[in-house]
Structures are given as structure tokens and as C-alpha cells.
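Trainee: The residues making up each chain are set out below.
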Amino acid sequence: MDLPAQPVSAVGDDAALVERARGSDSAAFDELVERYKQRVYATIYHMTSNHEDANDLAQETFIRAYKNLHRFKGDSSFYTWIYRIAVNTTINFLNSHRRRAKNNLSLDDVDARIQDDPDFIERTSGESPDREVAANELMRQLNLALQKLSPEHRLVVTLYDIQGLSHAEIAKITNSSEGTIRSRLYYARLQLQQLLRHYLPEKN
Amino acid sequence: MPPTRQPNDPQFDDLRRLLAMKRAERPPQETMDNFLGEFHKRLDDEQAADTARRANSWLLRLRERLGIAPAVPGDEAFPALRRLLSLKRYEHPSPAYLDNFLVRLNRRLIAEQMPPTALWARFRQSLGHRPLAYAQVAAAAALMFVLTLQFNNHWQNKQTALTAQTAPAPTIIAAAAPERQVQVTYDDTRAEDAPDGSVIMMPAGITHPRVHFVIDRVDITPRVYAASLNY
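From first to last, the protein sequence lines are chains A and G. Under this note's numbering, residues 1 to 204 are what the first sequence spells out, in order. Under this note's numbering, residues 205 to 435 are what the second sequence spells out, in order.
Quick caveat, the hints were computed from the structure, so don't treat them as lab data. By construction, the Cβ of each residue, glycine as well, lies at the ideal position given by its N, Cα and C atoms. Among the hints, erroneous ones may be present.
Computed far set for chain G versus chain A, every beta-carbon distance over 12 Å [said to hold, decoys possible]:
1. Ala224
2. Arg227
3. Glu242
4. Phe282
5. Ser290
6. Ser298
7. Tyr301
8. Gln317
Under 7 Å between C-beta atoms, here's a sample of chain A residues computed to sit facing chain G [as the list claims (entries may be wrong)]:
9. Glu31
10. Ile91
11. Phe93
12. Asp116
13. Leu195
14. His198
15. Pro201
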């Protein structure tokens, strides 16, 4: 699932949709959900590594957004706002289910296109000859490694390295400084590098 | 009842001899020789990591407070890891799953906005259309009713017996009981004028000049009749 960067024109559209949704136009809110459901779901999924939890939390995110639309002042974009709700909802969930998360992985489907990705071929050349099995195993290992990070570290890796957001956007979403984001990212990557050394070339 | 087996039962001799062979099992000498060394090495590593973590954490907090971005290596330091993590983008639910997302969300939103259903309606809903369930609930309700009546009768009888046993002597008054008006009837044919102008009431047949009252009904038992009468 390629997640294109937020188009500039969408920001203006979002504001209009939010305004309409505030005026009890449910179709406008549905449009906002359609726009962001993939991103919200994916962010939460990469944080929880659990299909059902991701689904529940994504719904919870949009329900909170709907109930609090009147509080959205437009200081930030709707995109940042909905991400912030998703992130807070997920981190609260992870903090209250610390033990469960590590033992409750459930994989999403792995897109068959991964088998043609040069990075995948390079990383799994010595693995199972069955590409699909190798892809699933790789995803399982990636998820296990991510689950070993603290929720805050996992969040920056998810948003930056997987979702492709910028440091500035992540700083806005998490309400912290860019320096903090860079630093968290660095320490999270150090841990991941150690945990995933089997898949990484020696010199890295 | 099967006989109790004792630990020294000869029946287990073979098993005990077999298990005793496990005593001869030893780790390789090399492992034992290196154990302490490995342990200290690991302990040192852990301590060094803890110290570094604490220092980093302290430094990070200080930098964050001062608003100084920490000088940490950026993306260029992790090219292979970044490419590996980017493969996570291939992991996603089937398109059909997310197609239904909006439907499920709207269902949940409507459910959350609905006023709470009446208890009776929810109860009926939970029973559904099963006559047997209704019959069971009716039987349970009837049983509860009978039991409640029985208990109520029993409790009332017990209370009555208890009251009869613990009723105070007529000359005792409940300490906190308020003073109340009592109804007094007397035979006015026996009333006499007292020296101070009031009327002395005397029950029939008594000629003693002491004041007496014929009390028809008293709601509370006064400590002293004369003191509690308020007229």
C-alpha cells in the first residue's frame, strides 16, 4: 500500500469538509474517513502489529474525531489532527496492554508485489525458496522487532521510516520538538539494527 | 480405593535407577570454566549499557529543555535498515477489508449516539422469540415472589417475637424519644378542687388525695407519667 504524501490541495478540501461535517453533513465526514482510513489504519497497525486491535483503534480514532469536531480549531491541518488522535489513542492502548501486545501478533496480508522488490530479494536470498513464506517470515520478524521498542520509539519509526512523514510533521503530531524526534529515531534505529542484524549486511 | 504408592516402592526401582543416571550428566568443562568470566563480562556490558542509557536520557532531557537538537546521526547512518523497514509498506489488509471500514464505523457511531434502550426492551431483546426462555423466566419470577413472601412472613414473625421480649418496663422511657402529647381521660365526677385552684383528678374508688390519671393510650412509655404529660 503506497501512501502518497499529503497533497497540498487536500488541506483546503479538508477544511471545507470539516466545516460541512460540523454542520451535521455526515457525507462530508464520510469523505474525511475515506481519505484517511488507510493511513490511520496503517499507522495503528504498524504500532500494534495486530489486525483486530488496529481495526478497533482506527474506528475509535474516527469516533473521537467525530465527537470532537467542534473542538478542532483549524490551527493545524485535519491531517495532523486525526493523526494526533490516532497516535494518542494507540499509545494509551499500548501502555495499558503492555504484556498483551508482544504475544498477540496477527499479520496483515503481505502484498505479492514485495517478491519483486530488490530489497526483499537481497534480504531474503538465503531464506526459504518459497518467496511467500520468506515474505511472511520477514514481516513477522520486523513486527517482533518493532514490538520490542517502546511505544514512543516505535511511533517515530512507524511515522518516519514506514509512513514517510517528515520530522516536522511528526513533531507536530506528537507535540514535541524536532530534536526529540531525531533523537528518538536514532535510538530506535540503533535497537532495530541490533534486533534485525540477521537481515542486514555486516558493514551496516 | 487403589493402594497408596510409597516413594521407596520397589515397583519404581527401575525408574529411580534410570533417573539416577542423569546425575552423571555434566555440562562441558569449558562451559563451567568460562561461566564466571562470561557472567562478569555480561554484567559489565549490562552496567555499561545502563550507564550510557542514563547519561543519554539525562543529556536528552537537558537538550530538550534547552531546545538544542541532539547531534545524532541522521538517515545516512542507516541506509540498509531504512530499506528493510520500507518493506513494511507491503503489509496491509485486503482492499475489501477497508472497503467495509466506513460501514462498520457508521454502525458503531449510530450505536453510540442512540439513547440507551429501556431495560425492559433490552431484556425482551435478549430473550428473543423463544417460548421456553419466557417460561423459564416466568417460573423463576414466580419462585422469587413466593420466596419473598415467605421471607417477609418469617421476618415479621421474628420481629414481633423480638419486640415482645425486649419491650421496656412502663417506667422506662427511650432516652432520645421526644415528648409527645398524651390523651388523658378521667372521671370528672371524682375531680376535686386543689388548694392552688387547679383540678385534682382521681380515679373512681380511690379517695387518697394523690394525683392519678386514667390513661387511655400512650404512644410512648413515659419515664414518669407526671413529668411527661404536657397539658
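Trainee: Which hints, by number, does the structure contradict?
Mentor: As far as the earlier hints go, 4, 5, 6, 7, 8, 9, 10, 11, 12, 13 and 14 are violated by this structure, in ascending order.
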